[in-house]
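Going down the list, the sequences are from chains R and P. All the letters of the first sequence, read from the start, carry residue numbers 11 to 584 under my numbering. All the letters of the second sequence, read from the start, carry residue numbers 195 to 893 under my numbering.
Since the hints were derived computationally from the structure, they do not count as laboratory data. Among the hints, erroneous ones may be present.
[Claimed, not checked] Derived pair list, reagent style EDC-like, types lysine to aspartate or glutamate, alpha-carbon separation capped at 16 Å:
#: 1; chain 1: P; residue 1: 667; chain 2: R; residue 2: 215
#: 2; chain 1: R; residue 1: 242; chain 2: R; residue 2: 272
#: 3; chain 1: R; residue 1: 414; chain 2: P; residue 2: 217
Chain by chain, the residues:
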Amino acid sequence: MSVNAALMKIRMQVMWNRLISVVEEQAQTLVRTAFSTSVREAGDLAAAVFDRQGRMLAQAVTGTPGHINAMAEAIVHFIGKYPVERMEPGDVFITNDPWKTSGHLHDITVVTPTFHRGKVVALFANTCHVVDIGGRGFGPDARQVYEEGINIPIVHLFRKGEPNETLMEIIRTNVREPMQVVGDIFSFAASNDTGSKRLVAMLEEFGIDDVDELGEFIIESSRAATVERIAKLRNGTFHNALVMDGYDEPVKLQAALTVGDDSIHVDYEGTSPASAHGINVVLNYTKAYTCFGVKCVVAPDIPNNYGSLLPITFSAPEGCILNVQRPFAVAARHIIGHLLPDTILGCLHQVVDGGCQAEGSASLWNIQLRGGPSVSRPESYAGDIPEFEMLQFNSGGTGARPLKDGLSATAFPSGVRGMPVEATEAITPVIFWRKELRPDSGGAGRSRGGLGQIIELGGAGGIPFDVLAMFERVDHPPRGREGGGNGAAGRVALASGATLRSKGQQSIPAHDSLVLEMAGGGGFGDPRERDAHQVAEDVRNGFVSRDSARDDYGVVLDAQGRVDEAATAAERGG
Amino acid sequence: MANEAAVRVGVDIGGTFTDVALEIGERRYTAKTLTRQDAPEQGILTGLRETLASAAIAPGDISVFIYGTTLATNLLIERKGSPTALLTTEGFRDSIEMRNENRYEQYDVNIDLPPPLVPRALRFPIVERMNARGEELVPIDEAQVEALVPVLEREQVQSLAIGFLHSYMNAAHEERARDVLNARLPEMEITLSSEVSPEMREFERLSSACANAYLQPLMSNHLRNLEQVMQEQGVRCPVFLMLSGGGITTLETAIRFPVRLVESGPAGGAIFAAYIARTLGLDDVVSYDMGGTTAKICLIDDGQPQTARTFEVARVYRFLKGSGLPLRIPVIEMVEIGAGGGSIATVDAMGRIAVGPESAGSGPGPACYALGGEAPTVTDADLVLGRLDPESFAGGAMHLDRGAAETALARDVGGPLDLEVPLAALGVSEMVDENMSNAARVHAIESGKLIEARTLVAFGGAAPVHASRMAEKLNMDRVVIPPGAGVGSAIGFLRAPVSYEVTRSHYQQLDTLDVEATNALLEAMQSEAYGVVEPGAGGHELFEQRTAYMRYVGQGHEVGVEIPVRVAATRLGPDAGTGLRTRFEQEYHRLYERTIPDLEIEILTWVVLVSTRADLPAAVPQSAGAVVPEPVGERALLDTETGDYQTVPAYTREALPAGARIDGPAVIVEKDTATVVTAPFTAHVHALGSLIIERRDRE
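Take these sequences, add in the hints, and give me the full structure.
So this is what it looks like as structure tokens:
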């Protein structure tokens with residue numbers, strides 16, 4: 011290789027790293043200026059840079075797969091409507107169309123072209139969950155998307171630097187927290203500006219006109235690396251089905267994963283039809299979590315971009331719950347989307363040496379509460395009922411891994427963070443009476459499933475309120491693998507005893523509390539092969555009860571909690 | 195603050211070396227000895243005796259003794275603290291284990307979360323509850339607390355943390371639990387979360403309290419030993435401790451809050467850089483410390499290193515954010531990345547060169563050390579690029595094996611990428627420089643600051659080699675390589691003020707600001723801070739700084755806004771809300787280039803800092819006249835633009851007179867390292883010994 015070619019090669023690598031750093035700066039600006047708790051506390055966001063054709067070149071590591079991979083599909087819609095040749099400096103575009111971006115109205119996508127030497131060289135975009143979008147709010151009860159809030163088509167947010175005041179006024183009039191939503195939208199635009207500024211500085215430093223050559227290099231290197239990984243896998247078609255609770259009837263996710271020479275295809279033929287309620291998934295979101303599921307096993311270290319996603323394809327019959335069309339309702343689509351990686355891991359378990367982790371709680375338990383005199387009957391409570399909305403993210407346990415226990419109360423596949431109880435209580439009239447791990451909820455196994463958690467919360471001063479329930483894994487617990495036991499199923503109830511439905515708006519009466527028990531992850535391998543001393547340690551820490559130690563693991567403990575070797579050998583031998 | 199006769203000693207115990215710096219007026223004596231993990235006091239004594247002998251003075255002559263240590267950090271990293279228990283609110287036994295319910299790395303399905311310092315079996319839920327306003331919802335069950343006494347004894351718990359919900363608003367239950375246990379277990383060390391970190395967010399507060407409790411028995415023992423050993427040696431002055439926040443404090447305070455000793459060595463380094471910048475008349479700089487395993491970068495404004503209220507220690511995964519234990523204490527804010535001389539270079543799946551965070555460290559070390567290390571490292575690349583002299587490394591004590599470096603680079607980088615060895619080395623060097631530059635740039639953005647207009651102050655073994663190239667990448671015009679950088683932290687300790695910072699959460703909205711309650715709070719904080727600082731201040735004048743952390747209602751990140759402390763009237767006036775709003779909007783606009791109209795503003799946290807004035811030297815001007823020195827030899831240095839070797843002059847740093855001027859490209863060699871002056875730069879030797887490297891075309 012000539013010296014010049016070698017220098018060029020090094021330079022490309024340096025610029026690639028720089029580009030990843032630029033989108034991270036974009037994401038950090040977003041986190042620091044955003045209002046929505048889900049963006050700033052929980053990291054429910056995506057930030058990325060695209061080439062002129064709308065191909066994603068780099069994404070920030072800060073963010074969550076459902077947004078990132080869905081946004082990767084979104085930009086072509088923007089440039090389809092507003093070709094880059096006709097964009098002008100100062101233009102910024104916006105939409106929250108579920109079918110063009112990430113699958114529900116709460117996610118707003120803002121796109122900004124970057125100009126350099128008189129032409130568009132790239133587009134910066136971010137997708138974030140805003141606090142409110144009007145309509146019924148964040149819940150699964152709607153029968154049509156029109157009930158779920160305001161739908162912004164792809165339009166100018168800024169035209170040559172001038173804000174679209176008409177649009178802003180429409181948004182302000184239609185959402186519950188107008189100041190915060192509009193504040194958020196401004197911060198989305200500001201973060202794209204940060205990215206653009208940095209990209210232009212990079213082009214100047216390296217003395218280049220555009221990112222076309224760099225883009226080709228990134229896409230081709232990433233595609234080739236992914237293909238190389240796929241080529242090492244056993245060819246064939248592998249099937250798995252996962253049955254989940256759904257809204258009012260079980261939903262079956264059926265996958266056939268085909269490993270080819272240079273591609274992986276997932277076909278969802280056989281999956282349940284669309285639901286009459288807002289748990290349906292659009293293609294973009296199906297693709298987002300399909301790609302994540304494949305990638306975290308096959309090519310976890312390869313940066314996420316157009317090239318690395320190219321060899322991963324999928325199909326879902328139109329009208330099935332993974333490919334719905336307007337006007338089906340979609341607000342709580344994450345419930346199903348979050349279970350796609352588990353569906354795919356069940357296929358890949360048959361492909362990769364050593365297998366894949368067991369099923370986990372997977373679907374986030376988002377607690378969306380609503381309170382106020384218009385929600386609860388004022389006569390039910392002696393005193394004023396303040397108006398409030400609350401959204402909190404919570405997680406059950408992840409599935410046991412072939413060689414490691416699952417993670418307790420940890421989000422997978424979602425990338426969001428939980429929120430501190432103290433911070434929530436400071437701004438919302440609720441009291442958490444309990445938020446801790448749930449003993450005996452991790453599926454037994456050579457590797458134990460991660461534990462779920464238990465939350466008990468009531469209104470401050472005993473006020474009544476409603477929950478917009480969208481909880482999963484209540485009727486269908488996460489399954490173990492290779493002899494591992496299932497994780498404990500979830501449970502939704504009142505502290506006073508009554509069981510609640512896992513989906514839909516329901517009331518928590520005055521002076522009562524909502525109890526949520528999240529599922530644990532499934533176990534992996536025969537629990538009787540688990541190191542007895544590890545079981546004793548789990549009992550000592552209260553992760554596993556003495557009864558479960560004996561019945562599930564065949565480990566007998568003495569009065570001091572030490573392993574009774576003889577009794578254990580007898581138990582396990584028999 | 196030093197008078198003529200003052201003898202000042204700074205001691206820095208690092209993982210490998212214990213550094214001692216002794217100063218009498220303008221004279222300085224330094225020593226470097228190996229750290230003894232089993233008896234750290236002994237390493238101090240060896241170095242102390244050496245410097246005392248050089249200075250020809252007795253231990254009794256020492257007037258100030260300042261000590262900083264990495265021992266607290268190491269106890270957390272190596273999990274070697276004392277068996278610790280945690281009392282927590284019933285229903286919240288697992289806050290420190292559930293963390294923030296997040297995987298810090300999205301795609302790796304095999305990550306491990308750092309286990310909590312206190313295992314679940316030693317976390318005891320107590321019936322009690324406060325609400326977010328600090329009102330009691332459930333009284334504390336004292337009988338339940340008392341019943342724990344035999345359990346704690348049986349479990350041989352040596353230290354205890356108490357962390358109840360909302361104790362930052364009302365600590366009465368934590369204090370009551372402590373009193374009940376203290377009456378029965380007078381020897382037990384007890385940490386209250388409301389004292390260590392009285393701020394909202396239970397995971398971070400409890401994590402800080404547990405770390406404090408976990409460190410307390412061993413650190414208290416060590417510090418008492420040290421005090422005794424010093425007294426036995428005839429040292430009559432009190433021992434002061436360097437804190438993570440950049441101030442120094444008394445031994446008693448350090449024993450109460452050992453968690454505030456974490457990362458005090460690097461804090462000393464930042465203060466050293468700030469001091470050097472001052473002597474050169476530079477206001478805004480970036481300190482850049484690159485050692486064997488990591489590089490640390492800190493922004494310094496107007497002579498003050500940037501501080502933060504939270505950081506993470508003991509990261510378990512590639513120095514990645516979220517993979518460590520959060521500590522919420524005042525710290526000098528630094529970004530640390532896995533980029534050092536020993537960082538290992540590989541080629542990843544995309545055919546990209548990747549450098550670090552895995553490091554060959556000092557054992558087995560880079561391939562060129564020929565001590566058994568086979569992987570190519572940054573130092574190997576630097577050697578092949580002609581930046582290091584194989585014969586004069588470490589003052590000639592170690593011969594570097596260029597052949598071994600070439601072999602390693604050819605095998606692991608050049609071969610897979612079809613690059614000649616010198617270009618493979620260039621790729622490694624460019625990539626590590628790019629990684630460090632990116633980290634610095636993102637860090638500046640996170641802090642709302644610009645990096646271009648600053649000066650880079652570079653120290654640590656590998657920094658002078660890479661500093662000029664980093665400055666090119668960051669578009670900076672000036673680099674400073676200070677003298678004495680090998681014991682920079684210990685010297686930095688001598689420049690630190692006696693100070694203490696008190697933090698309280700106290701939620702207020704600006705439009706309903708309760709001025710009376712706020713004044714009462716600030717006065718209580720003020721008196722606490724003075725109580726800690728005055729005993730160590732030796733009668734020096736103290737100043738006070740107050741900061742309110744504010745944000746728009748609904749945001750998640752606060753902006754620190756300084757509240758003026760008027761000498762005559764330290765209390766806020768009735769119109770304080772208006773002034774705070776103006777100051778907040780100014781600061782917000784400075785950071786994000788816009789303010790948001792019509793939104794309410796809230797205050798979450800108040801900080802009061804009381805401190806002596808930092809030792810501020812007057813700037814010493816550059817010596818007049820330019821001397822062009824004779825090179826001592828030549829080097830074949832690879833040019834980053836052309837990829838060809840070119841012959842450049844080499845100089846010995848200690849032989850350069852003040853006023854010497856050297857145009858790049860050139861190499862300036864000294865005992866432990868070498869400074870590379872790249873082509874666009876010219877180096878001057880300052881009267882105080884620093885190398886000032888400036889971009890020629892902008893002179």
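Right, here's what the structure says about each hint:
1. Restraint check for residue 667 of chain P and residue 215 of chain R: satisfied, since their Cα atoms lie roughly 8 Å apart, inside the 16 Å limit.
2. Restraint check for residue 242 of chain R and residue 272 of chain R: the C-alpha separation of about 10 Å stays at or below 16 Å, so the hint holds.
3. Proposed proximity of residue 414 of chain R and residue 217 of chain P is contradicted: the alpha carbons are some 54 Å apart, above 16 Å.
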